[in-house]
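Protein sequence lines, in the order shown, are assigned to chains A, B, C and D.
So the first sequence is numbered by our numbering: it starts at 1 and just counts up by one.
So the second sequence is numbered by our numbering: it starts at 1 and just counts up by one.
So the third sequence is numbered by our numbering: it starts at 1 and just counts up by one.
So the fourth sequence is numbered by our numbering: it starts at 1 and just counts up by one.
It is worth saying that the hints were derived from the structure and are not from the lab.
Just so it is clear, the structure is predicted and the values come from calculations on it, not from any experiment.
Ideal placement from N, C-alpha and C gives every residue a C-beta, glycine not left out.
Mixed in with the good hints there might be a few duds.
Below, computed lysine-lysine pairings styled on DSS-like, alpha-carbon distance capped at 27 Å [stated by the list, open to error]:
#: 1; chain 1: A; residue 1: K43; chain 2: B; residue 2: K234
#: 2; chain 1: C; residue 1: K11; chain 2: B; residue 2: K234
#: 3; chain 1: A; residue 1: K117; chain 2: C; residue 2: K11
#: 4; chain 1: B; residue 1: K470; chain 2: B; residue 2: K642
Here chain A is said to cover these stretches of chain B; the calculated rule only asks that three of the stretch's residues, wherever they fall, bring their Cβ under 8 Å from a Cβ of chain A [unchecked claim]:
#: 5; segment: 178-191
#: 6; segment: 266-276
#: 7; segment: 456-470
Here are the chains, one letter per residue:
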Amino acid sequence: MTARTSGGVRFGIVVFPGSNCEYDTMHALGTFPEAEPYYLWHKDHDLRAPDVVILPGGFSYGDYLRTGAIARFSPLMREVAAFSDAGGLVMGICNGFQILTEAHMLHGAMLRNRGLKFVCRAQHLRVERTDTPFTRSLRVGDVVQIPVNHNEGAWTAGAESLQEIEDRRLVVFRYCDAQGNVTDDANPNGAVDNVAGLVNEGGNVLGLMPHPERVCESVVGGAGGRGLFDSLLEHVLEVR
Amino acid sequence: MPELYAELGLTAGEYEKIKEIQGRVPTHVELAVYSLMWSEHCGYKHSRAYLRRFPVDGERVLQGPGENAGIVDIGGGLAVAMKVESHNHPSAVEPYQGAATGVGGILRDIFAMGARPICNLDSLRFGEIAPSPAHRADSPAVGGGRQAEGGAPGAPAGAPYDRQRYLFEHVVAGIGGYGNCMGVPTVGGEVYFEDAYSGNCLVNAMTVGLVRHENIVRSKAAGVGNHVVLFGSKTGRDGIGGASVLASQEFDEKLEEKRPSVQVGDPFTEKKLLEVCLELLQSGRFVALQDLGAAGITSSSSEMAAKGGVGIDFHTDRVPLREADMEPWEIMISESQERMLAIVTPADQPEVAAACERWDLDCTVVGEVTNTGHLRVFHHGEMVGDMPADALADAPLCVVELERPDHEVDSPVDAASYPPPDAPLAEIMLDLLAAPDIASRRWIWEQYDHQVQLNTVILPGGDAALLRLKETGGALAVCTDGNGRHTYLDPYRGGKAAVAEAARNVSCVGAEPIAVTNCLNFGNPEKGPISSQLSRAIEGMAEACEAFGVPVISGNVSLYNESFGQAIYPTPVVGMLGLSDDVEARCGVAFGDAGDVVLLLGDAPPALDGSEYQKRWFGCVEGRIPDVDLEAEVLLQGVVRKAIVDGMLRSAHDCSDGGLAVALAESCLSGGIGARVDLDPAAGGSGRHDLVLFGEAPTRVVVSVAPAVSGAFQKLCEGAGVPSAVLGTVGGEALRMAVGWEQIELPLAAMRDAYDNGLERALEVR
Amino acid sequence: MFKVSVYVTPKAGILDPQGATVERALPALGFSGAIDIRVGRFITLLVEGDDESAVRADVDAMCRRLLANPIIEDYSFDLASVDGIGDDGNGIGGEAEAGE
Amino acid sequence: MFKVSVYVTPKAGILDPQGATVERALPALGFSGAIDIRVGRFITLLVEGDDESAVRADVDAMCRRLLANPIIEDYSFDLASVDGIGDDGNGIGGEAEAGE
Ligand SMILES: Nc1ncnc2c1ncn2[C@@H]1O[C@H](COP(=O)(O)OP(=O)(O)O)[C@@H](O)[C@H]1O
Ligand SMILES: [Mg+2]
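Chain A extracted, bound-state conformation (with noise of 0.2 Å):
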C-alpha cells in the first residue's frame, strides 16, 4: 500500500459490469472539497494509489446466481484483498457488502429479503461503534437516515458463530427505529441482529447495506449520509 502525503483523499470507485451506483457515489464524493474520486475497472490490476476503495452498489454480473458471486472473481479484487490485508480502507455499498462477504473479507453472508420483495425506502440505523475510521465523526447511539435498495439485504453470520461476531463487536450499524430501537419491526429484510453494516477485525473493511451516497445534499433526501465520509476524509488526513 502506498500511502500517500498530501494532496486531495484518493477514493477509488471499482466499476463492475452491471454496477449502478458508482456515478452517485463520485456525484456525492464532488459535494466533499478534499475528496479526489476515480473510478476503476474491475478487469484492471492497478488501484492507482487510492485512500480508500469504494465497491458501489448496483447489480454486479445482475445479480445472477448469488449477489456478488461472480464480480468477486474480478482481476482487480485480487488487488483489492491485497490491499485490504496491508491496512487499506475498503467500504463495500449494498452490491459492494454483498460482494466483501462473498470474497470473505466480511464475515457471513446474504440471504433474500425476508418478505422477497426487492425494498427501497429510507431507514433509521443505530450507529454501534465510533471507533473506526468510517464512523469516528459519529457518536455512539447516534441514529442516522440512510436509504436502503436492495432484494437480497438479510445479512445471515450463517455457519459462523454469531456470537464471536457479536463479541468482537464487528457490527457497526444497526437497523432501528426513529427512537433508536432496535426491533424487529424496524428490520427492512430480516438480517441477523439487525445487522446493517459490519468491519472485519481490523476495523479498516466496511460493509453496509444501506446507501450513504444517497444522502450527502438536503435536495435529494437530506444529509445522513455525510458522516461517514466525513470519517474517512478525516482519517486520511490525520494519519497522514
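Chain A is already provided as a structure; the job is to place chains B, C and D with the ligands on it using the hints.
Chains B, C and D with the ligands only, in chain A's frame:
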C-alpha cells in the same frame, strides 16, 4: 400459399399487393417480413391516419414522432428523449417477464437516440383485485347497485381475484426487476383496477432520457459500403408469434419444439449494452443506431434502410445464435431482447468491436449498406429475400367506417335517481381512501429503486415526480395519466381530460408542460365503435395539446386489446414532461403549518359520472363525464405555476379520483396534519353532500398558503380570472369537513390506516 | 410420508441469463470446458400420505401451480418413501417423472 | 464429456424465506400435509473430459468456489457420462457426492 398469408394476418388484397411489388410469388422469408411490417403493430394500418391529427411541432422539438423516441430541447445544450410503449399481451401471458421486457424495450428506444435514461414510469391496468362495497353481500349499497346498460362490465360478486392479483404482483416485480438492475429509477406511474381489464391487462412503460444535443443519434442508415453491426445478446426463437405458422407448414412433426418461446429479460446484458452504446456515441462511432424491438431484425433493418433511402444486404448466417438450427426467416423475425443494430464505417469498426469486447458483448458485422434501396437477405451466400425497403415501411392503410358505441349518452346521469348509500359519509370516505384505485401506492414504489442517479426531488406519491437537473439547476417533472372509465363514457372528453390532468399534475409541482408522449390502448379497430373511440380520443387529446401549446413527440398504439370479444376501456395514457428553471421553486401535496389557509382553485361542478364513487358504491359506470374547459384549465395552471415560482404556495394538489374530499385527505396525510374546511353544499348542483365530497370534475386544485400571503394570492387568482374559494385552515389531528348541516370528522390515524394499507389489504382479502 | 425432490429448469429454447452469465465467467476462474450451463431450482419437501400415486398426483399439481412456472420452466420430481419426519437424507431416490 | 447436475440447498438452520413462503401458500391452494420445504438451486452443465475423477474434482472446486456459498449452502452433484455434445437428456444419473 394462399392459406398461409391469411394465417399470417394478411388480407387477400394485401397479398395481391405484395405479389405486385415483388413481381412474383413471395418467398417464405419475404412473406414473414411483409406480414410483420404490415401488421398493426409495426405498420399502424388503422391508426396512422388519426395520429396525423396530433400537433407535433414546437420550438423545442428536435425530433417528433417517427424515430425511436421524440426529443425536446431543454436549454443549456441539453435535450430530453422520451417515449411510452405497451407490453400488454406478453404481460398477460407471463407477467414478470412480459413487464420486464417491456421496460427493457422502452429503455432501448431511449438510448438508441443517444440519451441516458434518467427515469421510468409505469401505467398499469388490471381487473378488480377485491370486491367493492356495491358487490359485497352485506353491503349497505347493494340496494342502490345498478348495472349500466350497454354491457359496461361491473364486477360480479365473488369474481375470481387471484389471477388479477397474480398479474399485478408479478408485473410490479418485473418492472422493478428490470429497472432496478439497470440503475434507472422508476419515479411514477399509475394503476387502476377495473373489470374491463380482467381479460387483458395493460402494461405501459415510459422512459425519459437526457442527451447533449451533439450526441443525438438517429436510425437513418447512410453510406454505401458501411457495415451493419449487430451487438448485444445472441438470437433465439423468442417471441416468434403468429409467424410460427411458417414452421407448422414445413415442420408439422416438430411443431412442439418450434413453438414460439416467451421472451425472458436480461437486464444485466442491457446495462452493458447501454454503457457501450453511450461510450461509443460519445466518441462518435455510430452513423446510425436502432434498437431491436417488435419484429426484430426485420423491422430495424428495413426501417433504417427506408429512412436513409438506401438498401441493406443482410446475412442471416452471420448472426450469433442461441439455438443452432434456426431458419433464415426465424432469424429475421426473432424478438430476442437486448440487441442493437448500428451502421458503422469500416474505419470505426475495430473500435466498436473492441468496446463490445471490453463489455463482454457479442458484436458481429451482419451486413452492409447498399445503393439498391432493397432489403436483401442472404443465407450462406444464397439470396432468400429481396424487398424494397420503402414498401415494407409503408403498410397499406385500413379505413373502417366509424360507428358510435351503443353505451354512449349525451347527458349526465340524474344524481337524484341514485338512492344515497345507507352508510355514513365518514365510512364512505374511509372506503374510498382504501380503494385499490386510490390508496397509497407505496407498496408498489417501494419495490422500485426510485432514487438511483440522485435526481429524485419529489418522490413517487405526489402529483408528478420532480427530478433535478444537475447540469443546470433546473428540474424536470414527469407523470402519466389516463382514465379508462372516463374515456369509455366519452372518448373525446376522456382524451382531453387525460392531457389536461397530466399537465395539471406537472404544473402542481411547479413545472411548465413542454411535451407529450402517449400510448393508445384500445380494442379491435376493425370494429366501427372501436375506431370511433380511437379517433375521438385522439381528437380530444390533440385539442388539449394545442391549448397548452405542447407537442406530441412520440407514442405507441396498442390495438386488439380484447378477450372473448369484450374490449377493454379505451385507454389513452398520456406521459407529460414539464420543465422548471429552478429546482428550488417547487411544491408538494403536503399541508404545512397550522393556520395555513386552504383554498380550492377552479369551480367545475363535481359529477357522479365515471367517478370512483359511482363505481364502488353504485356498482356501475354510466353517464357522461364533464367536459374540460381548456381556457379555464390553461389559466388555472398558469396561476399555480406563477404562485409556486413566487414562493406563495405551501402545497398544491390536483383533485382527481375520489374528488375533493380525497384530495384534502391526501394533503393532510402527506403533511401529517389535519385541516378544518367548510364546503359549499351547492357545489354539486344537486344539493347532494356526497357529490360535493366525492364527485369528480376536472380543473380543480387544492392549495394552501401562509395566512400572510392569502390575500395577495387571491388577488393573483382574481386578476387571472381563476376562481378561488377559501375552504378553511390547516391544523389539528383530524380532517373536519362541514357540508351544509353535515359534519364529517376523520382522525388522521384512521385515514392513514385506510390509505396506507388499502392496497396491501385488497391483495389479501378472501 | 414421502421425501420429494423437485427439479425446475428453464425450458429448452428459453433464454437463461444466469446460466449464460456463469458460463461466460467460468474461464476467468480457471474452469474451461464447461458448457450449456442452465440454472434452475431444486426444491425439497416432505409430503404426508401412504398412497404413492396420490402423492405423485398432488406433487405434480403443486409443481404446475406453484413450484414451477410452466410457461417458461420444465419440472420433474422424485419421490422417496421415508419412515418419519426426522429423516433429512439427501439421497436422490425414486424414479423421475417428467413434467409437462 | 459428462453431464453434471448440481444440487444446492440452504444449510440446515439457515432461514429460507422462499421455502417458508411456499409452505404458507400451499394450504390455500388446497395442498395440505407438505412440510419442510426448502428452495435451492439446480444447475446442469456439460463438462469436457474423459477422466471421471478429474472431472469430479473440477466440479467440486467449481461448486465450492462459485456455484454454492459454503457459509449458507450445501451442495451435491451427479455425473453421467454422455456420448456427445448433442445429448441433452434430462435423466438423473450417476451417484451423488455430498459436498462440504
Ligand atoms: N400514439 C402515438 N403518438 C405519437 N407518435 C406515435 C404514436 N404511436 C406511435 N408513434 C410513433 O410512431 C413511431 C413508431 O412507433 P413504434 O413502432 O412503437 O416504434 P419502435 O419500433 O421504435 O418501438 C415512433 O416514432 C412513435 O413515436
Ligand atoms: Mg425502436
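Task: Proposed proximity, K11 (chain C) with K117 (chain A) (alpha carbon, max 27 Å) - done: holds, 25 Å
- [ ] Confirm or reject the coverage of the segment 178-191 of chain B by chain A under the rule of 3 or more residues with a beta carbon closer than 8 Å to the chain's beta carbons.
- [x] Result for this restraint: holds, n = 4.
Task: Assertion that chain A covers the segment 266-276 of chain B - criterion: three or more residues, beta-carbon distance below 8 Å - done: Holds, because 6 residues of the segment 266-276 of chain B bring their Cβ atoms closer than 8 Å to Cβ atoms of chain A.
Open item on the list: Next pair to validate is K11 (chain C) with K234 (chain B); report whether the Cα-Cα distance is within 27 Å.
Closed with: holds, 17 Å
Open item on the list: Does K642 (chain B) sit within 27 Å of K470 (chain B), going by the straight-line distance between their CA atoms?
Closed with: holds, 23 Å
Open item on the list: Can you confirm whether chain A covers the segment 456-470 of chain B, using C-beta to C-beta distances below 8 Å and requiring at least three such residues?
Closed with: holds (count 4)
TODO: Given the hint that K43 (chain A) pairs with K234 (chain B), test it: the Cα-Cα distance must not exceed 27 Å.
DONE: Roughly 23 Å between the alpha carbons, so the hint for K43 (chain A) and K234 (chain B) holds.
In this structure, every one of the numbered hints holds.
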